[in-house]
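Here is what each chain is made of, one letter per residue.
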Amino acid sequence: MTVVFGYVGLWVIWTVIEFVFVTGRWEIIQVNLKLLLVGRFPDELMWLVGASLTALAFWVAAVAGGSKIDLNNVQTIPQRLFDYTRRFGLIVALAALLIFLAADIAALLLAFQVLGGVIVGRLVGLARRKVSVLGAIPSIIWHPMLGSPAIALVLVTLMESTLEEWGGFLINFYMAIISIVLCFPLGVLLALGRRSSFPIIRLVTTTYIELIRGAPLFVLLLLAGVALEFFIPPSIAPDAIFRGVTVFTLFTAAYLAEIVRGGLQSIPKGQTEAGKALGLSTTKITYLITMPQALRNVIPAQIGQFISLFKDTTLAGAALNILDVLNVGTAITKQQDFLGQGLIYEALAFVALLFWVGSYVMSRESQRLEKRLGVGVR
Amino acid sequence: MSSLPSAPAKVPIWRDVRVLRWLFQIAVLAVVGLIIYWIWGNYQTNIERSSVQTDLRFLDNPASFTIPGNDFDQSSPVRAAFVQGFLNTIQVALVGIFFATILGTIVGIARLSKNLVVKTIAAAYVEVIRNLPLLLLLTFMNLAVVLQTFPRIEDAWKPLDLFVISNRGLAIPWFEGSAGQLSLLVLAGIVLAVIVVRLERARADKVGRPSRALLLGTLALAIVPVVGWITLGYTWTLPFVDGRGTSGGLRLDPSFFALIVALVVYTSSHIAEIVRGSILAVPRGQGEAADALALSNSQKMRIIILPQAFRVAMPALGNQYLNLIKNSSLGATISYFELTQIAQITVGNGSPAVPAFTLTLLVYLAISLFTSLFVNYFNRRLALVER
Numbered sequence: 000m001t002v003v004f005g006y007v008g009l010w011v012i013w014t015v016i017e018f019v020f021v022t023g024r025w026e027i028i029q030v031n032l033k034l035l036l037v038g039r040f041p042d043e044l045m046w047l048v049g050a051s052l053t054a055l056a057f058w059v060a061a062v063a064g065g066s067k068i069d070l071n072n073v074q075t076i077p078q079r080l081f082d083y084t085r086r087f088g089l090i091v092a093l094a095a096l097l098i099f100l101a102a103d104i105a106a107l108l109l110a111f112q113v114l115g116g117v118i119v120g121r122l123v124g125l126a127r128r129k130v131s132v133l134g135a136i137p138s139i140i141w142h143p144m145l146g147s148p149a150i151a152l153v154l155v156t157l158m159e160s161t162l163e164e165w166g167g168f169l170i171n172f173y174m175a176i177i178s179i180v181l182c183f184p185l186g187v188l189l190a191l192g193r194r195s196s197f198p199i200i201r202l203v204t205t206t207y208i209e210l211i212r213g214a215p216l217f218v219l220l221l222l223a224g225v226a227l228e229f230f231i232p233p234s235i236a237p238d239a240i241f242r243g244v245t246v247f248t249l250f251t252a253a254y255l256a257e258i259v260r261g262g263l264q265s266i267p268k269g270q271t272e273a274g275k276a277l278g279l280s281t282t283k284i285t286y287l288i289t290m291p292q293a294l295r296n297v298i299p300a301q302i303g304q305f306i307s308l309f310k311d312t313t314l315a316g317a318a319l320n321i322l323d324v325l326n327v328g329t330a331i332t333k334q335q336d337f338l339g340q341g342l343i344y345e346a347l348a349f350v351a352l353l354f355w356v357g358s359y360v361m362s363r364e365s366q367r368l369e370k371r372l373g374v375g376v377r
Numbered sequence: 000m001s002s003l004p005s006a007p008a009k010v011p012i013w014r015d016v017r018v019l020r021w022l023f024q025i026a027v028l029a030v031v032g033l034i035i036y037w038i039w040g041n042y043q044t045n046i047e048r049s050s051v052q053t054d055l056r057f058l059d060n061p062a063s064f065t066i067p068g069n070d071f072d073q074s075s076p077v078r079a080a081f082v083q084g085f086l087n088t089i090q091v092a093l094v095g096i097f098f099a100t101i102l103g104t105i106v107g108i109a110r111l112s113k114n115l116v117v118k119t120i121a122a123a124y125v126e127v128i129r130n131l132p133l134l135l136l137l138t139f140m141n142l143a144v145v146l147q148t149f150p151r152i153e154d155a156w157k158p159l160d161l162f163v164i165s166n167r168g169l170a171i172p173w174f175e176g177s178a179g180q181l182s183l184l185v186l187a188g189i190v191l192a193v194i195v196v197r198l199e200r201a202r203a204d205k206v207g208r209p210s211r212a213l214l215l216g217t218l219a220l221a222i223v224p225v226v227g228w229i230t231l232g233y234t235w236t237l238p239f240v241d242g243r244g245t246s247g248g249l250r251l252d253p254s255f256f257a258l259i260v261a262l263v264v265y266t267s268s269h270i271a272e273i274v275r276g277s278i279l280a281v282p283r284g285q286g287e288a289a290d291a292l293a294l295s296n297s298q299k300m301r302i303i304i305l306p307q308a309f310r311v312a313m314p315a316l317g318n319q320y321l322n323l324i325k326n327s328s329l330g331a332t333i334s335y336f337e338l339t340q341i342a343q344i345t346v347g348n349g350s351p352a353v354p355a356f357t358l359t360l361l362v363y364l365a366i367s368l369f370t371s372l373f374v375n376y377f378n379r380r381l382a383l384v385e386r
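Note that the protein sequences, when read in sequence, are chains S and D. Positions 0 to 377 (numbering that gives the first Met the number 0) are the ones given, in order, by the first sequence. Positions 0 to 386 (numbering that gives the first Met the number 0) are the ones given, in order, by the second sequence.
Just chain D, same shape as in the assembly (with noise of 0.2 Å):
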């Protein structure tokens, strides 16, 4: 027994790796803790010394500016112009998604074309705006095409007399009637749409035909809001020139037609170059069975191709659609009333630029971390399930 070796002697707790560990990670938190303690104390003397507001008690003072194309007026309060900002980038950033992700994907199918000529324009689109800064797209669209090439109001341009372009902003038909009522048909018509691609996917399940679910569905969701419309009686309007500006119709104002064109283009090369990927990602197999099952060119890349596909690419899809409603806020530099541009005027006008600021991005971090949870919700669901 004596001859085995003793016991290790007690590691020292200087050299313990469990006591280092917690020591190490005490000192980085203390350094973090020092630079914000050393930031909070600079940022109070500083207020002290210039004596500006620190809370947000600015919310209610008269924004004393107005935001065209609204009620808001020059005594509403600051609050009220946060709101509309906000609602202005949301709206942004639902149109952009939107376009940007049909637009991309067409380009990216493009680039896969047989055909030469197709292909190489979509090449040639992709490799072009790619390679620019959005900004500048931006103010091209804004410098060069609204305020220089659109038409003064007088001669504006009406194709098919349907629209009305000026370098006072696009008009375009519009429906007429209560956005309360308008949003409700919609409503119905979605849950409709809902209902019907369900039972057609059930029936088409059962038959084993190929489902006309996507067909179908549009349908619906298209004959709700018209039959609706028809029986409670409204109508359309074109817009037309009237005076200086246009009457009826929607009128678009030019910044916001300007900001989503650039972002649309922008986001597109990018969501392009995606789609690209993901399709060259999906197993050529399933290209050949679907040729084996006689699917015609259509079907295999609906049914077959292009859900395989968005699988791949959702998740990066998701980061372009952060990066788009993030970019929305160079709306500010061409005057289009969102979010950041908001924050800009009334920190001008004298709300404190701290906390404006500090709203603002927290209003952003909110919007991201609310879209990243539902493109994480819809990639969970498309998520290949592995046995």
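Okay, chain S solo, but in the shape it has when bound (with noise of 0.2 Å):
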């Protein structure tokens, strides 16, 4: 069996290694790099891309230098060096890859500005847990204000240019980022609505949280695309971007929901009770006590969420015909230049890379959070 196996895992190894380095022909992905990573975006508001992306770096390294998970093992420098590598090495490696490929200083350089939006952002992160005073901001104002001018910035990216200068992996990534951020509150809501004592708003949030669930998302994608448009007056009828992004929220809300009733459902209910023994109101008892730790328990389960919406987003291409990065990385295989040459392989390679990576990265990033916060320890 070991031979066997053995033979086949080395077939699979070597077949890679000769398709990366001898037969694969990356010319394709170098020239027409831009066109997979942000479309046909135009240079002049290249800025507005680095500074979203800084914004956004600085936030996600801002909440995760702040939260406060006690931080008891104290580790050398050599050993946090490697745990870093071990957590990051991957997105630094892709980074270094396309800069390498992009072969242009502005690459670097808007590399730079990222790896310093989180350097900064891990400074206030620490800062929030060494000085009082603004640790004592509650989580709640203090997330969305450092979010805001990230997800402000996306917004108006989104919106700066029309829609046939969009496209490429940032398109996908915004669409997950907004989306995410916008469904998060919704499926508190409905979970809340669901878990509720009233039975109207029991009714009315089952209802929608099973119809979503029973519906494949690329017929509603569809449905977005074509059927919108009596649905609405024509008038404030939405571009294909927006459309996804609705679809998307609305869709991945009713799964969250459930996810984190889940989560709800498996805080015992002494913890209700003492609250009630403090004399806590219902809403302090949930905002204080039952949601914060239900949330935590199912991290994993909303991570990997996040990460099938992150995906998903393909779906919108193919749908919506936006020039989403799986879109254009089989439109260029049809190039003058590269017509009818077997190029797909190269291609899709490219595309499956970025998706990994970034996928990848965050289910281990959600195994050490769970590992780090102790679910189902105590």
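Bear in mind the hints are in silico, worked out from the structure with no lab data behind them. Be aware that a few hints might be false.
[Claimed, not checked] Label pairs and their computed distance ranges (CB to CB):
id, chain 1, residue 1, chain 2, residue 2, range
1, D, 357, S, 108, 50 to 56 Å
2, D, 171, S, 118, 58 to 64 Å
3, D, 48, S, 139, 41 to 47 Å
4, D, 55, S, 276, 54 to 60 Å
As the structure is a computational prediction, the values presented were derived from the model and not from experiment. Ideal Cβ positions, reconstructed from N, Cα and C, are used throughout, including at glycine.
From the two separate chains plus the hints, produce the assembled complex.
Structure representation (structure tokens):
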């Protein structure tokens, strides 16, 4: 068995190595790198892309640095470096590869800008833990405060250019980001509604959740593409990107609601009763006691849902004719210079790499977070 | 008596919690109603303006497109197209679920293997596939594998002379004979298999030997059709290249093949994780007890571990099956004629979009509900009865 599978494994590894270093013709990626990443985004607005990416990096780093995880395990510097390499090495390697392919000083500058965002974000996050004034700001104000510039910049970037100019991986990434941010509050509200003691609210939310969960995302996207005009006044019909974002938000919110509901169910009744004994109102019990624990308990499932949203943004390309990275990837093989040379392997491999690194790093981080938060240990 | 505090004054109606609760709910209901009313009003004005149909009469119009591989033609009604699409969706779902479960279980067990090579390969498979978009796998299967790597029909691959593989699809050996009689035979086989399994289980319980129900059941299931086949004088045919196509055997559409492979590979990577988690959830003592009884490794897995693991896995597996069914709608992107593709084409040919897509969504909803009923039924059957 070892011999047979070992042979198969070696053959696969050899084929991949041969494809990557010998037979693969990567100039198709190199020539079309900008198309694949940002589409025909106008050059004079590229600073918006840089700014929004930096703001996002700042936000994520600030949230990660500021979370009140017990930092008892003191690591030496080499240990810490090793830890970072294991966690983010793939992202750095991918960025290095992209910069190498772009062979452009602007790309290098962009990378340093984003790295700067990460470092500043981490410092701000740490400051919140150390400086009591900052620590006193409640999370519900702190996180939106840090995140709003990032979201605003992403939205401005999305709106600043026309649909024809948009495309590439950035559109997948930004559609996912906006939908995640929007679906989170909606999903939490739906979960609360489904567990509420008000029968009418329970009925409304349950109907919504079950209807959405019974429908394929692809058909909902198609519906938003051809049938939305019938349900709203034509004057406010949004363009394809916002249709996509709306469907992703409404769709993921239903799934998220079920995940959060599972988390709420896992909280022992004693927690609520203790809150009542302290004389807290139902709202405060939910906000201060049950919801934080519930959300913590289902972190892996939530991130899993966000990963599948990220992957599903490719469906918008197929259903709404958005030039997302997969559509660009198949389109570039039909260019004059590359037509009929069988370069679809190269194009799809590159697209796969982008998605794989993103999803893999996210899922690894969620496993780590789960361990650090001690879910299921207590 | 007079020193006692007087009964509390009656709570005013605007502070009565019972009243407030209902007022709040009525308010929410009113908002939801208003939104629906607004959407409905827009719908009415918009259809009046563009004068499209709103009912299901379009189902009787001629479809004016063809579906390869059956007798559906241009003049058949749209209704027939929808029925065919529904059947194709069911077909993909059944075949996909069958293979995804088998492959997923094998990979899930392999991830827990003691053999380092097997374990690593299985882990790599899961970690790579799980983190890729399904549409990417599907595009890869369609554009890169079927349309580019598979040879043209003139120089088709013919492994063992049993299959014909080309970019016009896959042809496999298949039986010849009427479908009605074939399904009757299979049905008879299933009935016999169920009886044999029941008897064998009862016998095994009585004698106290491990039951061979699985083996005997499979044999019974296989024997009836084969015997029936021979007595009825049917044969099976091998596919062969015939001009620009293939004859004999069963021809699988290239898009069907690509869709099935992509769905099976993608879903099996998720199922593998579920199976692995469920096996780990079976208490260690169970495996140790099996070792103490000197059961072989395969017996231990088959009789002790897997039945208990599947009890844990059932709800999650059901979710994956639902996902697979819903994901089969992606077949529309590679022109496989399943439900979504049919809806898309008829809307393109002039059927009204809203009723057509509503119908499609309702069908998917019905399939989902039916599947979850089925899974819940199995789940109840499997669930541990606690005293």
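Consistency of the hints with the structure:
1. 357/D x 108/S: 50 to 56 Å: holds, 51 Å
2. 171/D x 118/S: 58 to 64 Å: Cβ of residue 171/D to Cβ of residue 118/S: about 59 Å, so the range 58 to 64 Å holds.
3. 48/D x 139/S: 41 to 47 Å: Since the Cβ atoms of residue 48/D and residue 139/S sit about 45 Å apart, the hinted range of 41 to 47 Å holds.
4. 55/D x 276/S: 54 to 60 Å: holds, 58 Å
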